[in-house]
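The primary structure of each chain is shown beneath.
2 protein chains.
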Amino acid sequence: MGHGTNRVEDMSSPNNGTALAATAATTAGETIVEIHSVCLPPKKTVFQKLRKRVADVFFPDDPLGKFKNQTWRNRAILGLQSLFPIFTWGSQYDLKLFWSDVVSGLTIASLAIPQGISYAKLANLPPIVGLYSSFVPPLIYSVLGSSRHLAVGPVSIASLVMGSMLSESVSPTQESILYLKLAFTSTFFAGLFQASLGLLRLGFVIDFLSKATLVGFTAGAAVIVSLQQLKGLLGIVHFTGKMQFIPVMSSVFNHRSEWSWETIVMGIGFLSILLTTRHISMRKPKLFWISAASPLASVIISTLLVFLIRSKTHAISYIGHLPKGLNPPSSNMLYFSGTHLALAIKTGIITGILSLTEGIAVGRTFASLKNYQVNGNKEMMAIGFMNMAGSCTSCYVTTGSFSRSAVNYNAGAKTAVSNIVMASAVLVTLLFLMPLFYYTPNVILAAIILTAVIGLIDYQAAYKLWKVDKFDFFTCMCSFFGVLFVSVPLGLAIAVGVSVMKILLNVTRPNTIEFGNIRGTEIYQSLGRYREASRIPGFLILAIESPIYFANSTYLQERILRWTREEETRVKENNGSTLKCIILDMTAVSSIDTSGLEAVFELRRRLEKQSLQLVLVNPVGSVMEKLHKSKIVESLGLSGLYLTVGEAVADLSSTWKAHGQP
Amino acid sequence: MGHGTNRVEDMSSPNNGTALAATAATTAGETIVEIHSVCLPPKKTVFQKLRKRVADVFFPDDPLGKFKNQTWRNRAILGLQSLFPIFTWGSQYDLKLFWSDVVSGLTIASLAIPQGISYAKLANLPPIVGLYSSFVPPLIYSVLGSSRHLAVGPVSIASLVMGSMLSESVSPTQESILYLKLAFTSTFFAGLFQASLGLLRLGFVIDFLSKATLVGFTAGAAVIVSLQQLKGLLGIVHFTGKMQFIPVMSSVFNHRSEWSWETIVMGIGFLSILLTTRHISMRKPKLFWISAASPLASVIISTLLVFLIRSKTHAISYIGHLPKGLNPPSSNMLYFSGTHLALAIKTGIITGILSLTEGIAVGRTFASLKNYQVNGNKEMMAIGFMNMAGSCTSCYVTTGSFSRSAVNYNAGAKTAVSNIVMASAVLVTLLFLMPLFYYTPNVILAAIILTAVIGLIDYQAAYKLWKVDKFDFFTCMCSFFGVLFVSVPLGLAIAVGVSVMKILLNVTRPNTIEFGNIRGTEIYQSLGRYREASRIPGFLILAIESPIYFANSTYLQERILRWTREEETRVKENNGSTLKCIILDMTAVSSIDTSGLEAVFELRRRLEKQSLQLVLVNPVGSVMEKLHKSKIVESLGLSGLYLTVGEAVADLSSTWKAHGQP
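These protein sequence lines are chains L and C, in that order.
First residue of the first sequence? That's 0 in numbering that gives the first Met the number 0, and the numbers climb one at a time after it.
First residue of the second sequence? That's 0 in numbering that gives the first Met the number 0, and the numbers climb one at a time after it.
Check the hints yourself; a few may be wrong.
You can't tell identical chains apart in this list, so a pair holds if it fits in one copy or across any two.
Claimed, not checked - Quick list of in silico lysine-lysine cross-link-like pairs, PhoX-like style, CA-CA up to 20 Å:
1) Lys48 <-> Lys656
2) Lys369 <-> Lys95
3) Lys95 <-> Lys413
4) Lys579 <-> Lys95
5) Lys469 <-> Lys180
6) Lys628 <-> Lys323
7) Lys579 <-> Lys608
8) Lys42 <-> Lys469
9) Lys210 <-> Lys469
The set of hints was computed from the structure by calculation and includes no laboratory data.
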C-alpha cells in the first residue's frame, strides 16, 4: 500500500500529473491490492464557485448558450426570436398551416364564448368580462408565447379562486364597482407576479406545487364549483357567497322553496346532452368536435327555447342585457392604495401562481406530444405580460386552458395563429352578436361549467398516488379536504407545507444501510436487500443516503454509534472476529456543512476511543474539498480514505495480516 | 446476457433463491459479461413500513432495546434508572466521589450567586429571582438529569431574550407585578415546550438551530448584552428598554450628563481584574479557580468599599434591600388567559428552545470528554420539568450554563451531587446572607455580566466557518446582524429560514455529474474531477446527486436533456461515434416520489423519440420498489436496469456488437 504518498491528491498542484496512478501494495508480501487515490476537485475561487452555482440555480437552460460563436446579425435575429417566438415560425408560415389554424381557431372559439361567459359568472364578474378576457389576452399570447397549442382565456380554477377570495371581503352584488376594481387589480398583480418570476428566473417556485398537491387541490375546487352550480341548476336565487362544502350544501337545502322545476328539467336535459357528448369524445378522440360544438349548440338551442316560452313562464332566469362593443380601457380602475390593497395582492399572487402552473403544465404536455420545447421562464413572462395588459383592458386572470387546448390540438392547430382566429371570432361576437345572448338561460351556463369541471376530478391519478406513494396520496388528500372544508388559500398552503415537511423530514432522518460483499465480486450492496451479500469479518460497512447537514448531523452520529454497538453485540453472540473498522460509503452524501464536518470529526474521535478505525469511501468533490479544508482528511490518517469499498477492505485486511493481527 | 430472465428479482417470491446468480453473457460470442440483477427489497406491508419509518424518526436511539431479554425485576430496575438517572450511579456513590462533588459544588456556588443576581437584572427581574432560580432547578435536575457535569441555573442568553421580549410589551418598572407574572408564565411554557419535545420525541426540532446560526446569534446577543452593561458601567439612570444596537448606543450618548466618574472608575477597576483572572484561567486551565473565585471576591470587596464610602458619595448605585428566606410559591402568579398570553407563550417557546439547545450542547460536550452518553430526549424532559417546577417556585428560565459547567468539570465534579451542594450553598445564602448584599454596587454586576458574555463572541468559530463553508458563514452573519439590528426572535427566524432555504435550494437544484471510466478499472468517476477518467464512446453516464422530488423533477428532466444535447454537439464536433445510450447512476438518489417517477418516464419517452436508450443503474431499495410499482421498470425493458455502471456498459456494448452496430 502506498503509505509513502499522501493519498489525497490535489489536481491543481503542478507536479502530480499522475495523481491517480495506481500504486501496487506489497506490504503484505502476499496480496497485491490496487489502490486509487481520492482526488480533490480542481481548485476554484469563491467567485467561480458562486458563478457556477448561480448559473445552475437561475440559468439551468443556458439561455445565452445559443448566442455563442454567432455573428452580430445572427445574434440580433436570435434575440428577436427569443423575445417574440412568432418570428421563429413566422417566415415559414403558409396557407396550408393557416387553414389548419382557422379550423382549430373557430372550433375553440365555439367553446371559448360560452365558457368565457360561464367562468366570469364563477368569478362573480359580469358575463361580458369573460368575453373581453377571451379577446385581448389570446392576441398578446400569440406574439409572446412559445407554445403552439395553448388556447388562452379564462379558466375555471383561477376564476373560482378569485371569486372566492374577493367575495369574502367585498360583496359582488352590493359593491359591484369596488369588486370589479379589485378583480382588475388582482389580475394586474397576478401578471406582475408571473412576469417577475420569469424575469428573475424564479420559475422553480411553481415546482413546489407538486402534482399530488394539484390533483387534490383541483379535485377539491372542482367539487366546490360543481356544488355551487346547484344554484343555477335548481334555480335558487339566494345563495351563499362562501366556498366551503358546508355553507354551500346548507344553502342548497335551506332554500328548497326556491327550487324551480322548469329550471331543473332544462338543466338536467342539457347536462345529459353535454355529458354524453363529452363521453363520446373521450372514447373516440377523433370525434372531439362533438363535445367542442355541444356547448355553443346548447346555448343556441336553450336561448331559442327560452325566447319561445318567454311569455308563458318567468321561472327560468336568463342573462339579460349585455353591452355591445370592444373591451373598454380599465387602467383607471386599478387600485394601488387603500384597505383592500393587501387582499388584491394576495388574490393576485394565488390566482397568479395557480394559473401559471396550469398554463405551463398544459403547454409542456402538448409540446412534449409534438416534441418541441416550451421555455418555462419565457412562458411566465408571456402569461404575465398578457395578464398585465389584460388588467388594463377589462380582462380578468387568464391562462392556457387544458380542455380548450386539447380541443385546439385535436382540431389540428399548428401555430399560435389559432389564438388570433379565436380572438377574431370573439371580436365579431362582441361587436355584433351580443343582443342574441339576452335570453340565454343561466341554467345552461351552470351545465357548461359542471361539464367542464367534472373532468378535473382525477380519481384515477389519486388511486395511482395511493398505489405508488402513500405519502403523496396523503399530500393529495390534505389539499383536497383543505380546499373543501377550510378555504382555498389555506388548503393550498397546508398541502405545500406538508410537501416541504416531507423533504425536511427525509433530510432530518436519513437512511443508513449496512452493506455486504456480493460473493465473488467487487460489488458491495445492502445486506437487507441482497441475500447474496455477506458481512466481511472485522468490518462494518455503512452507506449514508443523504447530505450531512446541521439538521441530521447529530442524528447520524448517534445512529452510526448505535450500528456499531449492535454490530459488536452481534459479533459477541456469534463468536465472530472482533470489529475493527467502520467504513462509511459517502457516495450518496451530496454535500456537507460545518455541523456535518464536526459530526464526522467527533465520530472519529469517539470510535478511536473504542479502538475502532473510521474509513471514508468515495466522498464526492465538494464534500472532499470541505473534508480537506477542515483538516479531517489529515486526522483520518493515511488509511482513512479510499475510492471504493472493495479497495478499502482489501488494503486494510492485508495491512492487518502484515501486522500479524487475526 | 440473460435476456431470457426478467432481471428484476423479487426476493419475496419463493422460487428465486438464486436471484443474484451471475449469468454469463454469451450473446456476442466473444466477450463474457457477468451481469447481476437488481433486487427488489423484501416485501413489507404499509403498516410495517410505517412502523419502521416511525421508529427511525422518533426512536432512533432504540430506547426499549435494553429491556429485551430481561427478567421483570431487571426491567423494573432499568425503567426506574431511565426515569431517574440518579439510580444508575447512586448505589456506587462513596465518600471519595462526595468529596470531589463538595469541592466542585462550592466552587460553582461562588460563581452562581453573583451570576444569578446579575442575570436576573439582565432579564429585568428582581435580583433575588436569580438566586431562587439557582436553588430549586439544580435540585430537580440532579434527580432527573443524565449529565454529570451540567451546572444548572440562569444563563445570559435566555435571560437577555426573556428580558427583551417581555419588556417590549410590558414595562418592568411601571408594571412590575404583571412583568413578574409574565416571566413565570413564560418559564412555565418554556418548560412545557421542552418537556413535550422530549416526551413526543421531537428533539430534532432543536437541530434546526445549526451551529452556524448559534455562533452568530450568541455573538450578536453578547454584543447587545455588553453594550447594555454600559448603563451600569457608566452609571446611567435613564436607559432604553430596547435591545437593538441603535437605540442602545443612542441611549449611551444621549445621557452623557448622567455618566458618573466614581462608577466608571470602580467599573473599569473591577472589570480589569475580572478580565485578567479570566485570561489567566483560559491560558492555564489548572488555575480555573482564579476566575471562578474572582466574581464573588469582587462582590465582597466592592460591597465593602461602597459600605465604607457610603456617607461620602451617593453616585454609586447599589442593590438595596433583598428579602430573606426561601423561594415563595408562585403557582398563583401563572397567567393562563388575557391579552398577554400569546406573548408569554411566544417568549416561552423561544427562550425554551434556546435554553434547551444550550443545555443539551453543554451536556453533550462534557459527556463526550468523559465518554458517556447523554440522552437528548431525557435531557429535554429533565430540563422541561425543572422549568415547570421552577415557574411554581419563583424561578425563571434555567438551563445548563456553559461557563459554570466548565468550572464544575475542571473542579473535578463527578456526579450531579455537585448541583445539590451548590443549591445548599445558595440555600444558606438565601436564609442568612441576604442583608450582606445591601451595599453591593450595580456596577459590579455589570462587570460580571460583561466578563461572562465576552467569551460568547466566538470570532474564531466564525473565521473557521468562512474558511470551510461560505454559506454557513452567511447564515452566521444573518443571525448576528439580524439579532443586532432587527430583533432577537426575528434574527433567529431569519437564520433558521436561511438554513432551511439552503436545504430546499440544494434539493431544488441538485448536481448532475458526468462520469467516465478510470482506465484499466471498473471504476466510474466524475470526469471533471479525475483526469484519468475518460468517456466511453456511445454512452453518456450521469450521476444524480439528490432524491428526485416534485421540487426538482422538472429541473432534472430538462437538465439531463441539456446534457444530452451538449454531448451530441460535442460528439459531432469531434467526429466521435454517435451517442446511443444515457446511463443514469441512481446510487445517490435516496428517494423518489410520483412527480419524480413521472419525470423518469417522460425522460425515457423523449429520449426514445431521439433513438436514445435510457438505462438506470443501482437504484436503492425504496426507489426500486416505486419504479417497479409504477411500471417504469417494465417500460425500460430488459436492458434498462443494471447493478453497476460497468456491467451496463459491458453488456450494452456487447449487444450492439452482436447486432452489427458500430
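Verification of the hints:
no. : hint              : in the structure
1   : Lys48 <-> Lys656  : neither (44 Å within a copy, 42 Å between copies)
2   : Lys369 <-> Lys95  : within (18 Å within a copy, 85 Å between copies)
3   : Lys95 <-> Lys413  : within (10 Å within a copy, 92 Å between copies)
4   : Lys579 <-> Lys95  : neither (77 Å within a copy, 36 Å between copies)
5   : Lys469 <-> Lys180 : neither (44 Å within a copy, 47 Å between copies)
6   : Lys628 <-> Lys323 : neither (73 Å within a copy, 57 Å between copies)
7   : Lys579 <-> Lys608 : within (12 Å within a copy, 52 Å between copies)
8   : Lys42 <-> Lys469  : between (44 Å within a copy, 15 Å between copies)
9   : Lys210 <-> Lys469 : within (14 Å within a copy, 34 Å between copies)
Hint compliance for this structure: hints 1, 4, 5, 6 are not met, and every other hint is.
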